[in-house]
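Trainee: One-letter residues, chain by chain:
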Amino acid sequence: MRLPFVKIFTAIFLMFAAPLVVWANTTKLSSYLPEGCYHTGEYQQHKTLAGMDKPLITDGSFAFNCNQGLIWHTQSPITETIIYKAQGNHVVVRADGSMQVLDSRVQRALGKILNNLIGGNSDYLQQTFSIVEKEDRVELTPKNKQMQNFLHSLSITHQTDSVKITLQLAEQETIAIRIFARRSFTSLEETQCEQLPKLPPQACKILFKGTR
Amino acid sequence: MNAHNFKRACYIATILLTLLALLGGFAILRNGLHIDTNLKSLSPPLSQDAVVNKAVDKLSADASKQLIVVVASKNADDVEEASEALREKIAAQHGPIKYVDQSAAIKRYLALLIQHRFYITGENAQAVLAQPDDATILSAATANLYGSGGSVRLIPLADDPLGFVNEYALGVLNTLSHNAQDELHQATLNGEEVFMAAHVLQLSSDALEMGEQDNALAAIENLKQAVLQDYPQIQFLQSGIIFFAADSARSAKADISLISTGSTIGVILLFLWIFRSAKSLVIPVVSMILGPLFALCVCQLIFGSIHILTIVFGASLIGVVGDYSLHFYYFYNKTSDPENNLSKNNSPENNSSKNQPSTTQSSGNTLQLYRALLLSLMTSVIGYGALSLSGLEALKQVAIFSGLGLIYSWLMVIVIGSSLIKDNKVRIHDGFLQKIIARLLQAFARLSYSSYLCLALLLFIGLLAFNRFNFPANDSPKAFFAINQTLVAQEKFISGLVSTHEPSSFIVIDADNAQELYKRIESLQATLGDDAAGLFGVHNFFPSPEQQVLNYTANQRLYVENGIAAQFLQQHPINAISAKELSESYAHSKSTRLSPAEFFSQQGLSLPPFWVESGTRIYSFILIPKTLDTTKLAERLSKLEHVKFVSAIADIETSLKHLRFSALQLLFVALALISILVYFQYKLWATLKIMAVPAFSIVLSLSGLAALGIPITLFHIMALFLVLGLSMDYVIFAAEMSDDSVATLTAIVLAATTSLLSFGLLVFSSLPAVSAFGITVIIGSALNLFGAMALASQKIKSHEPK
Chain A
1 MRLPFVKIFT AIFLMFAAPL VVWANTTKLS SYLPEGCYHT GEYQQHKTLA
51 GMDKPLITDG SFAFNCNQGL IWHTQSPITE TIIYKAQGNH VVVRADGSMQ
101 VLDSRVQRAL GKILNNLIGG NSDYLQQTFS IVEKEDRVEL TPKNKQMQNF
151 LHSLSITHQT DSVKITLQLA EQETIAIRIF ARRSFTSLEE TQCEQLPKLP
201 PQACKILFKG TR
Chain B
1001 MNAHNFKRAC YIATILLTLL ALLGGFAILR NGLHIDTNLK SLSPPLSQDA
1051 VVNKAVDKLS ADASKQLIVV VASKNADDVE EASEALREKI AAQHGPIKYV
1101 DQSAAIKRYL ALLIQHRFYI TGENAQAVLA QPDDATILSA ATANLYGSGG
1151 SVRLIPLADD PLGFVNEYAL GVLNTLSHNA QDELHQATLN GEEVFMAAHV
1201 LQLSSDALEM GEQDNALAAI ENLKQAVLQD YPQIQFLQSG IIFFAADSAR
1251 SAKADISLIS TGSTIGVILL FLWIFRSAKS LVIPVVSMIL GPLFALCVCQ
1301 LIFGSIHILT IVFGASLIGV VGDYSLHFYY FYNKTSDPEN NLSKNNSPEN
1351 NSSKNQPSTT QSSGNTLQLY RALLLSLMTS VIGYGALSLS GLEALKQVAI
1401 FSGLGLIYSW LMVIVIGSSL IKDNKVRIHD GFLQKIIARL LQAFARLSYS
1451 SYLCLALLLF IGLLAFNRFN FPANDSPKAF FAINQTLVAQ EKFISGLVST
1501 HEPSSFIVID ADNAQELYKR IESLQATLGD DAAGLFGVHN FFPSPEQQVL
1551 NYTANQRLYV ENGIAAQFLQ QHPINAISAK ELSESYAHSK STRLSPAEFF
1601 SQQGLSLPPF WVESGTRIYS FILIPKTLDT TKLAERLSKL EHVKFVSAIA
1651 DIETSLKHLR FSALQLLFVA LALISILVYF QYKLWATLKI MAVPAFSIVL
1701 SLSGLAALGI PITLFHIMAL FLVLGLSMDY VIFAAEMSDD SVATLTAIVL
1751 AATTSLLSFG LLVFSSLPAV SAFGITVIIG SALNLFGAMA LASQKIKSHE
1801 PK
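Just so you know, the sequences run in chain order A and B.
Quick note: the first sequence uses the numbering used here, first residue 1, plus one each step.
Quick note: the second sequence uses the numbering used here, first residue 1001, plus one each step.
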């Protein structure tokens, strides 16, 4: 008689405890991620490639509109702006003003992840990744096996004035992005976007109106 | 040859053929029975060119193994989750379904680009290399290293530090459609906006072999049920040739069941009615079973598999085979029991044959029977054999199967029949039928044969006038199949979502060498202007030989000693490569241009035939985007030399039209040849009278079909060969056994009944090709019978006392 009782008790406990566990996992993640629908900020990216001793460091800024997508602007050592549209059609604008659609599978998937990471979409992250909370960071592993082919894992670390996102990619490649000087807005329309000092106005046009 | 020797020859032939059948049977036991359901064998070869045909066959074989599954729902998350679940289930099952795995091909492709890296440069890089200052090149290379251009590295940094080859590789792989597969798209399904993901899959086995097909379909159904169980809210759509083949096979199975059961029951009932003895069933039943079984074993041995259409036609043999037993029994009845012949009591012409035959007479009569049976067999075998001249693979097999089946059944009738009926006692209970036939003959005898010929001629002219001297025809291959419209709608929907190029039209370019071929592609692009953007061919995979040389020359600035690459490596040291090593590799690569043959000649590549080398010529297929108007495109391409627009449907229609006309010509040639053969046996007037029956059966069948508004297809014409064979069968029996017209004609009527039964059942086939065959033979057989009646009635006249 005792064993069924233990089983039933365990089942009831798990029924109530399961949401608590999920909640515990997501609270830390949510606190690391920005709130709201409109953000701007700056970043520094360290890309480590197999075959290169030193990481490739790039600096830049970004703007995010949850309805339209993300502008990811690189200022140095090269000038390049990538517009990750929320609908998935991503475009790169080079220093000379030339544009190119980024339609490879990896680029599309990376765009989607970045959009949801920078936008703080914890629902998407919970659906797409297995989340493990460590003392100083939250580690995310893709549930989707296809995604695992190019993204092994992702970790988010919260520092005093910044958030560090590290992407462990395939082929011994690592991208560590430090996001700082983050600002939230109540709205971010095209005209506001064009007035942001560190972003090219052409990128705002593409984000809100497309390439045509 | 006497009857005894004839019989002995039949015994020897039976033993030899049985041994052959045992070999076939052993092969079936060892390898299993392979039933082919490929509908392509109902289409003629696409082109006169063997290389083009081979390439199209490969395309077709690849397509037959492809299968697309679409998961759709109003909720995007449901689609993503269900897609992921489907992917996992496919990976977990070790069945016949797998994802199209292009990874080996991509690996080989990238390896080739690396091997010939100094000849390959992206479009942007080409523009950059044309700039005079080194700083621009260094800046572009830095952008590739730091920017989005380098975010996906297909060519390792050590092989391509500046990223110019990587740019080319990225561009090519992005244009390959499989890149976009199983990703979420928005679409309209049944008027509703849905999200969907298409999964392009491949069957590891031959999807057109019925056994493998059943396994594959079961695996697909299991996957579908497993996904729907977890995600009941999603829609699961599927497309692929396997579903059409399975649908046709299902219909064909029902046809086989209907035809074989109907024919067998009909023939058995007829024999029981006429002979009133279970023993009388032995010869027809044994010959009906063993004939087709023999044909099945031997065809399996010859072809390795048997087409489902062959079995459908094979089922109709039952009716034809029954004829031999009928003629056999009628002959023995006549020689054993002259009293048991109602015609003698009803017809004045029978008075001449009342005496019992002597032994010598009996032997002579038996030989007469064998001769008539042999002639009957020959005409049927020739009739069926003519199908092999149709130019369609499926009909060739039908011809061989039917010929073999008829021969073995015929041998069974001779061998078993002569052993079984040793006492020459066969009772026939056809009094009622003979009375009717005797009256019919008397009615027919009221007119002279010339009058019948005039009537037939008038009817022919009348039908021609009714049709306004016009024969409607249909040469579309679609007229042969009954395509399931639900499957067609699903196929169209999925094709619209997944495929970007025309499935059955393409451009074929040929040239003597690679550069000439690329020049012709350039001419094609120039002719089409903006419309050329969506063309997909070898030029999307590799640069032309001329461009490769230009690239190599342009790269010299980078890879000479202390060149731009050396400067770049100083700024961005890569520990796996040195500037010196790069310079040496560049120098060693001189004259090692990349040939597309290195990539496209590899086995197992599931790509269209973009590069086919045959002797000294190169052929290249170019895919046409669906957005182009193919009719206008064909007109525009007609001016270009060595550039050919190929439309599979239009070409097959032209081939079928050509085959229809040549088959019709052949039919009349066969009629003329048989007339010559008959002339050797009979006199000129008799020959003309005999041959008028098949000739009018053929032309009246054709004009009758036209009057019924049935467009003539190749299958109607091929059926007329059988009408000719059956007609000769009837008129030869009528001519050979002229001493007893009523009895002979009763046997002919019964034989025609069994044929009409079998071919009548073909009319109900769900395959229009089979149905067309059935209706033609029915009309032709009815006309043959009418002709045989008219011919036989003249004998009554000649025996009447004057």
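Be a bit skeptical, because a hint or two may be false.
Claimed, not checked - Quick list of in silico lysine to aspartate or glutamate cross-link-like pairs, EDC-like style, CA-CA up to 20 Å:
| hint | chain 1 | residue 1 | chain 2 | residue 2 |
| --- | --- | --- | --- | --- |
| 1 | A | K112 | B | E1084 |
| 2 | B | K1058 | B | E1502 |
| 3 | A | K143 | B | D1057 |
| 4 | A | K112 | B | D1078 |
| 5 | A | K143 | B | E1212 |
| 6 | A | K143 | B | D1230 |
| 7 | A | K112 | B | D1159 |
| 8 | A | K85 | B | E1502 |
| 9 | A | K143 | B | E1081 |
| 10 | B | K1396 | B | D1057 |
| 11 | B | K1058 | B | E1088 |
| 12 | A | K143 | B | E1084 |
| 13 | A | K143 | B | E1088 |
Just so you know, these hints were derived from the structure itself, not from any lab.
Trainee: Next, verify each hint and record whether it holds.
Mentor: We went through each hint and held it up to the structure:
1. A:K112 / B:E1084: 17 Å, holds
2. B:K1058 / B:E1502: 17 Å, holds
3. A:K143 / B:D1057: 41 Å, violated
4. A:K112 / B:D1078: 17 Å, holds
5. A:K143 / B:E1212: 34 Å, violated
6. A:K143 / B:D1230: Distance ~17 Å between A:K143 and B:D1230 Cα, so the pair holds.
7. A:K112 / B:D1159: Given pair A:K112, B:D1159 is violated - Cα atoms ~30 Å apart, limit 20 Å.
8. A:K85 / B:E1502: 31 Å, violated
9. A:K143 / B:E1081: Status holds; Cα separation ~11 Å.
10. B:K1396 / B:D1057: Judged against 20 Å, a Cα distance of about 18 Å means the pair holds.
11. B:K1058 / B:E1088: 30 Å, violated
12. A:K143 / B:E1084: Satisfied, since the Cα-Cα distance of roughly 9 Å is no more than 20 Å.
13. A:K143 / B:E1088: Between A:K143 and B:E1088 the Cα gap is close to 11 Å, so the pair holds against 20 Å.
Violated hints, in rising order: 3, 5, 7, 8, 11; the structure is consistent with all others.
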